[in-house]
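Participant: Okay, here's what each chain looks like letter by letter:
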Amino acid sequence: MSEQYTPLAGEICICNVTKTFDSVRSLDRVSATIRHGSIFGLIGSNGAGKSTLLRIMAGIYRPDEGSVTYDGEDVWENTMRKQDIVYLSDDQFFFPHGTVEDMARYYRKMYINWSDEKYEYLRSIFNLETDRRISTFSKGMQKQASVLLALSCCPKYLLCDETFDGLDPVMRQFVKRLLAEEVADGTLTPVIASHNMRELEDICDHIGLLHKGGILFDREVDAMKTSIHKIQMVLPHSDVDALDFCTPQGEPLHVVSYKRSGSVLNLIVRGERERVELAVGCKNPLFYELVPLTLEEIFICEMEEKGYDFNSIIG
Amino acid sequence: MILTALSVKRTDGEAGTGNQIRRIGSHNDWFVPGLYINELRRTWSMGLFCAIILFFAIPVFVLMAFSTSDYYVDRPERALSLLEECFSSANPFVTIYALLGGIICALLVAQYLFDRRKTNFVCSLPVKRQAYFLSATAASLTWSVFAWITSLLFLVPIALLTPAIRSHLGVVIGGFFVMLLSWLCIHLYFYGLTMLACAFCGTSSMGIGMCLMLGGYVPAAVLSLIGLAGMSFSNINSNYYLNESLFSALSGVFRISIHTAKNKSPLFLLGCAGLGVLFLAISVLLCTVRRSEKAGTPFAFDRVRDLVKYLLMALATLLGGMLFWAMSDGSWSSIFWLLFGCVCGGLLSWMICNTIFYKTPKMMFTGRRSMALVLVIITVCTLCARLDLFRVDAYIPSDAMTRGVTLSMNGGPEITIRDKSLLRIYNTMAKNGQRTADRHGTVELYWLLHGNEKIDNNVPARAVYFGGSVWNTWYLLPVARSAYALYADWCTFVQALTARDNFADIYLEELYHSIQKDMRASPQKSFRIMINTRENVLWDGFEGTAYVSGDALLALLDIYRENIRAHGADAMQYDCIGDMRVKTDSGYVMLPIFSYNETFNEAAKKMLGGPSGDYVMEYDYETTFVSATVFRHGVAVAELSEEEWDALLRDGKMTVNTSSAEWNPLMLFDTEYNVVTVLNVVEQMQEKYDASADEYGYTEKETDVSYTNTNTYKSTLTGGFWLGQTPDGFGK
Chain F
-15 MSEQYTPLAG EICICNVTKT FDSVRSLDRV SATIRHGSIF GLIGSNGAGK STLLRIMAGI
45 YRPDEGSVTY DGEDVWENTM RKQDIVYLSD DQFFFPHGTV EDMARYYRKM YINWSDEKYE
105 YLRSIFNLET DRRISTFSKG MQKQASVLLA LSCCPKYLLC DETFDGLDPV MRQFVKRLLA
165 EEVADGTLTP VIASHNMREL EDICDHIGLL HKGGILFDRE VDAMKTSIHK IQMVLPHSDV
225 DALDFCTPQG EPLHVVSYKR SGSVLNLIVR GERERVELAV GCKNPLFYEL VPLTLEEIFI
285 CEMEEKGYDF NSIIG
Chain D
10 MILTALSVKR TDGEAGTGNQ IRRIGSHNDW FVPGLYINEL RRTWSMGLFC AIILFFAIPV
70 FVLMAFSTSD YYVDRPERAL SLLEECFSSA NPFVTIYALL GGIICALLVA QYLFDRRKTN
130 FVCSLPVKRQ AYFLSATAAS LTWSVFAWIT SLLFLVPIAL LTPAIRSHLG VVIGGFFVML
190 LSWLCIHLYF YGLTMLACAF CGTSSMGIGM CLMLGGYVPA AVLSLIGLAG MSFSNINSNY
250 YLNESLFSAL SGVFRISIHT AKNKSPLFLL GCAGLGVLFL AISVLLCTVR RSEKAGTPFA
310 FDRVRDLVKY LLMALATLLG GMLFWAMSDG SWSSIFWLLF GCVCGGLLSW MICNTIFYKT
370 PKMMFTGRRS MALVLVIITV CTLCARLDLF RVDAYIPSDA MTRGVTLSMN GGPEITIRDK
430 SLLRIYNTMA KNGQRTADRH GTVELYWLLH GNEKIDNNVP ARAVYFGGSV WNTWYLLPVA
490 RSAYALYADW CTFVQALTAR DNFADIYLEE LYHSIQKDMR ASPQKSFRIM INTRENVLWD
550 GFEGTAYVSG DALLALLDIY RENIRAHGAD AMQYDCIGDM RVKTDSGYVM LPIFSYNETF
610 NEAAKKMLGG PSGDYVMEYD YETTFVSATV FRHGVAVAEL SEEEWDALLR DGKMTVNTSS
670 AEWNPLMLFD TEYNVVTVLN VVEQMQEKYD ASADEYGYTE KETDVSYTNT NTYKSTLTGG
730 FWLGQTPDGF GK
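Residue numbers (this note's numbering), protein chains in the order written: chain F, -15 to 299; chain D, 10 to 741.
Quick caveat, the hints were computed from the structure, so don't treat them as lab data.
What you are looking at is a predicted structure, and each value in this text was computed from that prediction instead of being measured.
Be aware that one or more of the hints could be misleading.
As the list claims (entries may be wrong) - The calculated PhoX-like cross-link candidates involving lysine-lysine, where the alpha carbons are at most 25 Å apart (straight line), are:
1) F:Lys160 x F:Lys196
2) D:Lys371 x D:Lys127
3) F:Lys93 x D:Lys137
4) D:Lys303 x F:Lys196
5) F:Lys243 x F:Lys209
6) F:Lys123 x D:Lys137
7) D:Lys127 x F:Lys93
As the list claims (entries may be wrong) - Residues of chain D placed beyond 10 Å of chain F at every Cβ, according to the derived structure:
8) Trp53
9) Ala60
10) Phe65
11) Leu116
12) Leu162
13) Val165
14) Leu190
15) Val231
16) Ile235
17) Cys393
18) Glu571
Yeah, the Cβ is synthetic: ideal placement off N, Cα and C, and Gly gets one too.
In isolation and in its complexed conformation, chain D is listed as follows (with noise of 0.2 Å):
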């Protein structure tokens, strides 16, 4: 019987034959029909997860939205808005979607590299490897791409059903295909990265640990050295470097998550794109020289699991010695923590990696010398720059280099000098000075850069110091002659300053300028005093704002016009206890609040009722209306009601405190586009608020959508006041 049966065999004939070749001809060195087939059939409730996923993330979050408000569904371009920031990145489930979407689905297919039994049964396979991964990869992507369309179709019915943009079905067709390219592209970068970060490794978590070494490392050394930039250098203001467009430039990740689907160019998509597929490309040819018998250790290359080692070994040993010093009292014997920190950074670093690594804590202590080597690499270059050997700190700009200098004594008045005679001293005065361990900090320099095209363009020539600067901020530091002899160096300065005839011109003139200008009372243009957190501060240390109405302003304004002309240029002697920030014609000043303004000082307490007369408004914000509470010392002492809080703010006596509603979308702009304040408005309210801008003349345009947080969808409006026109690149 069994003869019978098995003389059926080999029926397709012997190997090269037409009809084989014919039948090999379907399977290539690069893709496997078949094969994609199959896990296309496999992979079927990968497909069906991630669209069920997506359809909670996109339909039904645009049904929630459009069920919740009328605002939305009236007005066609208000619900077009709302669609597409729906299938934005404002949208956090889609943006969440697009990166662990793209990094889950690389990981199932990936994961054949991961277990060995499969490993060796897909390499025993008459297929060339890169046909394989190339076969499964495509069956992955197509289900991803299964599921955002899957979403999509959902929302054409919603917008069929929406009578506002019914007749604009084309548009809202349109735009989904372009955002399902969009979340495409970036789902394509995850992806990819995923696979190169897999086809390094030989586990699934080393994978996952790759894969975020991927992505972040790079952001997290260069964050890492600014840090330690911040620590060694005093002339280098380490938070000029520290904006988005470092880390966008850095990391794929962070990019996707702050910008706004509207807001990427074709040009990032389709870098997105490259990359994921030049990520691809590579992992396939890592593919295909990795060795099967990879499959279950850490990782498939000895020399990337070495590298990887050392870099966050060195990272960690930076870490370490920074950690270590910031812990440590800042001065010389912060040198021995250091060392120590780096130390220890390196060497548990290097310990638990090896362990990881090589699957055992035998192999804890192996590659001693490579590890030194880096030990030493590292903590030297963390020591040159704490010691300042490069002398990246020292650096003064040349005299032709300073356009002028800003000088701060104590955090107190602040005052601009371009006279060059005056820098010439001071610049003199800074190159013979040299660096010593402590620092004091109590005076200070902001040099304006001649020649940079950037500043000219957003600083005026008259420029006054305002809290936040764009400029790079220098400091004087400590010289070895002691902090006397620093103080007598800024004594012998502020002299030659006072000393001049045009002082009052360039330091209390420009004040009082300042002051002099038109203080109207509105709600848009309240002002309020902002105390200090000092130990002498002028209300028993609370620390916060007060807001105070127009008239009290002006009068309080007075009495310390009043205070400055009675002390003249002695002022700068005084310290300077708290600042008060007024809103003027022409954008925010800060004016320092000296222990010698008693009379101010005494009006001020009298209006704010007394110490720590401070109060704070807080809000519910998911609420359709605002329940607007005031506190007192931290207890709730008269709960608003709507019509107090309209007249509160209509009034002028009180505005919102900007600093707890930095989600709400309403903003009020000045002239220069400076905010005003920011408002959490109700929908109910927003004819009140109509009428209230045509009330001081502002202008109401709608305001971008992408400007709205979308947790506030349901209790807020997507409108604003703007005064005039709109600012370039607002709103666009």
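Chain F with its partners taken away, still in its complex shape (with noise of 0.2 Å):
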């Protein structure tokens, strides 16, 4: 991100944060900046940084460089801006034998936005006991416990750690369907950090990238689906090499992959669907088609094209 860069009303800006614990470089000068009413989604690979850079933005930890900003202020030991921030960990803390009902009135103290009309509808809905010690709680009543609690704080940035994981796969939708009405009501923005590519995908419309401490991108789903293309089609001839791609000007394509499979050809490029289909188009293929890439198969080119070696993981 530019030094230049103004941050806008209400977005958490994220300003060439580095973070390291011992000798390990956790993040390394990472920007990125988190515009309020969108769904953001932290993906990455494990180790890449991305609970901790969501625990510098709940003011958990302290970036060694660079700062985490909200509304312009920092967040580090900002009580009136954490207050708008509530962060909800893979592993949420509970008190020792507190039930849901003591960790409410505990919030309830800490949180001035806390509303007992959403607690009550929450706790209602997911059905929790809320007189009953939550260590006695499955892993996924806990996350449920913990969402409701986090939700009933009314924050103005929620912020996810692997919040999915757990949850059965109907509490899962539905707690997402919860996360993007708040979104549609302009009052939340949700920060979800997962390795779970699909689990963001049909819920974010912005994705940062964080590999091995730095981020990658940091875009919106929709231009990213747009910029990055699947093409499977025949050629007539079987000695077309990924560099003979090019457009009627001679210019050539940015060919992510390119896999051969019998008489069928895989590519996976960057640039504009025209363009694609221009200089696929030249080639005379039998066939073709553009197919739309996951974002887990996004996610996997890009790590790719920064050496991240999957088939040496997998093999």
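Since each chain comes alone in its own frame, lean on the hints to assemble the complex.
Facilitator: Below, the structure written as structure tokens:
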């Protein structure tokens, strides 16, 4: 992100954040902007620094360098700004022997925006026993309890770290729907960190990809999907190389992946759809089709481009 | 449905509105009332637990003490004293509670610093770190105060039900309040200390370890250095420095454990509270700067980790060297073992610390350069002490500084010389000498340092050395010219000494003077013969003391005088095989028994029933009376009745073995305030001893209750006999 960038009101602005644990650099000059009203998905490989980034955004960790600002103010030890940010850990803390009601009482004292009405409503639809010890809940129920409590705080930003893990499919869809409704209402911006791309694909409208402590890209999902294409085609000649695909003007296509399976050629290319189709058309294919990429495929592509060798891991 | 429900969100409006500002106003950077109340609610069980412990430690303890004896409930001052004592550090449960309670309560509060999940949770909350810390601390301290107050409230009905103090309720409550404040100060000290330790660490086990380190490292290091000085320097009497005041200054734990609350000055208590608050303030500061991700790791600060590691390593290096030195033969070869011990101690502690502090053996050899530096520094310092490279041990006071020299040979006759010409001879001899590794220790000198106000005040001008001394002890070190040369020097000195005309005045006459003092036979003024532990002892090696009656004593002394007169100055050339401790009008005199005292020895053997004729009294502390048993050769030979026991004491045939009666409260003092004996007296015998005191002209006075060990409440009295006036500062 450019240093001249002026954050808009309600934005969380991550600026050149670096975080080191002992000798391991978990985040290396990460910059991103999370606009209010979107659903921001934070994806990345294991150890990429997703949780660390979320914790820095929540004011738990202090960045070694750089800053995280919200509404133009540093989040670190800023009680006013942190009123609008709720962090949902992948392993949320509850008081030992505490009940949902105990936790609600605690959150009520901590968050000025706490809504009893919302709490009562969510409690009824989650159908949790609020006077039962949370430690006796299943993992999924504990997740539900944490979502229930977090949403009752009415935050502007909800930082979710692997929140959907442990939820059953029905409850997962329900929680997603809850989040979507809140976003639609314009009050909530969930930031969801996950390595489950399929999970994020149908809910996120903005994606940040972290890899080895650095952010690879930070784009809107729709724009991302229109800028990368998967093409299946059958060519009359079998001796076509990846470098042979050029536009009529002679500009080569940016081929990310090139695979041949019998007479079928699978390509993943970057660029505008029209330009790609023109280049493919120059080869007079017997058949071709542009297939939409899943988020997971885009992720793998991007990672492979950065040298992340999936084949070596699998193989 | 969802949409309908979600339309109620953010009812408080946007941040920054007046409503929010008002609500946030109750939170501030240092304290969050809501959090405090919540913590109180969550930790009520801790408060209850503390109150229950104190309930048993104080009210129940007092009730038990009152119910087992009417002695305390009859007289107001005794009852008040007991109440006070039950709430003072004489009550071990209270002391332990103040110490452990402070530590445990602090550890419970600081738990969030050790749990990564909870740390993340707390740090994500919209409160400042210091506000959370202080709110939780305030809740914890509130429960501590609650526990103390509850225990006090229980004492009020007890006081009301005790006739002797019913009318003194105001005094009781006032006293309790003062005690409460005192204990809270101490509680706060340990609480703050533990908080500080926890702020440095990331795990509870390391927090406890750090707490021990903060409370005990300095005393341990000083003790080790004194030990090193004691092993290295013969001229430094290390025991002189090992006193209570030193450790009181260095360790709060020690000070609190040895002092009664009565003796704790307001300044001391304020100091405790001040330190506690200071520790808490530093802890708050540390908690605001420590990284949240350090929760679960041994140390929150890398520099503290390194400092602790190298401090521990330095101590282990020193102790390792001293251990192997002590185990070796003490000669020059011990230098090898000293170095070996230093290296082993340093390396092992470094490896262990690294493994624990980094939580992996892979880091065992981290920081080799620093380790080597510390190892070399400590080893060199230890070696310097061992070889006395700084000539500490070779220090000889100047003539002007030397007031007198007390000589002792073979632990036997001792004589204090103040003749300047003799002192100059000695000083010259000592200064010419050089140290060698082997020590003979057969010749000892004690300087009475001139100009030391404390010594001047306590040591009479013609002081004779009795047992322990208050002045520095100096030894004549073996000199380089060999042991024979040393002996020659000694002989030169002794010849010069004995050749003087007034030798008898300064040695023998003084001895005779002591012996010839009035020796009345009485229970309080009986005397005893102590047998040394030397191989060629008078009575076949049995170590201990025997007591003889007054008449027998006078007869023995006559024989002894004859023996001394017969041998004169030659006495010093004989082996000293025992000591005779005689109580005179002005105190004790230790008389050496020489091997030439044939007639004396024969008489003593006969009187004491032949070889091993040593009697040791034993009695049961827990019963209402003493069941006195006479042992001989470790076998019980007779059971004494109460009357026989009383007769023994009255007739002066036998006194209680003071060495085994250290906890007894009834102490008899003479006019010089020397403890004549310490008796374990039961209350039924009080009247008899009162009568006994009258008979011997003693004035009865109440001793201070603080001198009574609480373990003996059940069976002992808190009284004592005093001769003449009460010593200054005693029992006040």
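Participant: The structure should be examined with respect to each hint, and the outcome stated for every one.
Facilitator: Structure-based check of each hint:
Simply put, lysine 160 of chain F and lysine 196 of chain F have alpha-carbon atoms about 28 Å apart, too far for the 25 Å limit, and the pair is violated. Restraint check for lysine 371 of chain D and lysine 127 of chain D: the C-alpha separation of about 29 Å exceeds 25 Å, so the hint is violated. A hinted pair counts as satisfied when its Cα atoms are at most 25 Å apart, and lysine 93 of chain F with lysine 137 of chain D qualifies at roughly 14 Å. With a CA separation close to 22 Å, the supplied pair lysine 303 of chain D and lysine 196 of chain F stays within the 25 Å bound.
For the suggested pair lysine 243 of chain F and lysine 209 of chain F, the alpha carbons sit about 20 Å apart, so the restraint of at most 25 Å is met. Taking the CA atoms of lysine 123 of chain F and lysine 137 of chain D, the gap is about 30 Å. The hint is violated against a cut of 25 Å. For the hint pairing lysine 127 of chain D with lysine 93 of chain F, the CA-to-CA distance comes to about 17 Å; that is within 25 Å, so the pair holds. The claim that tryptophan 53 of chain D lies off the interface holds: its Cβ sits roughly 12 Å from the closest Cβ of chain F, which is beyond the 10 Å cut-off.
Here alanine 60 of chain D stays apart from chain F, with its beta-carbon at least about 20 Å from theirs, past the 10 Å limit. Chain F leaves phenylalanine 65 of chain D outside its interface by the beta-carbon criterion, the shortest separation being 26 Å against a cut-off of 10 Å. At roughly 15 Å, the least C-beta separation between leucine 116 of chain D and chain F is larger than 10 Å, which holds for a residue marked as non-interface. The Cβ of leucine 162 of chain D lies farther than 10 Å from every Cβ of chain F, with a closest approach of about 29 Å, so its non-interface assignment holds.
With a least beta-carbon separation of about 35 Å from chain F, valine 165 of chain D lies farther than 10 Å from that chain, consistent with its non-interface assignment. With a minimum CB-CB distance of about 32 Å to chain F, leucine 190 of chain D clears the 10 Å threshold, and the non-interface call stands. The Cβ of valine 231 of chain D lies farther than 10 Å from every Cβ of chain F, with a closest approach of about 35 Å, so its non-interface assignment holds. Listed as a non-interface residue, isoleucine 235 of chain D keeps its Cβ farther than 10 Å from every Cβ of chain F; the least gap is roughly 40 Å.
Even its closest Cβ contact with chain F, about 39 Å, leaves cysteine 393 of chain D beyond 10 Å, as expected for a residue assigned away from the interface. At the 10 Å boundary, the C-beta of glutamate 571 of chain D stays outside the reach of chain F, the nearest C-beta of that chain being 84 Å off.
Violated hints, in rising order: 1, 2, 6; the structure is consistent with all others.
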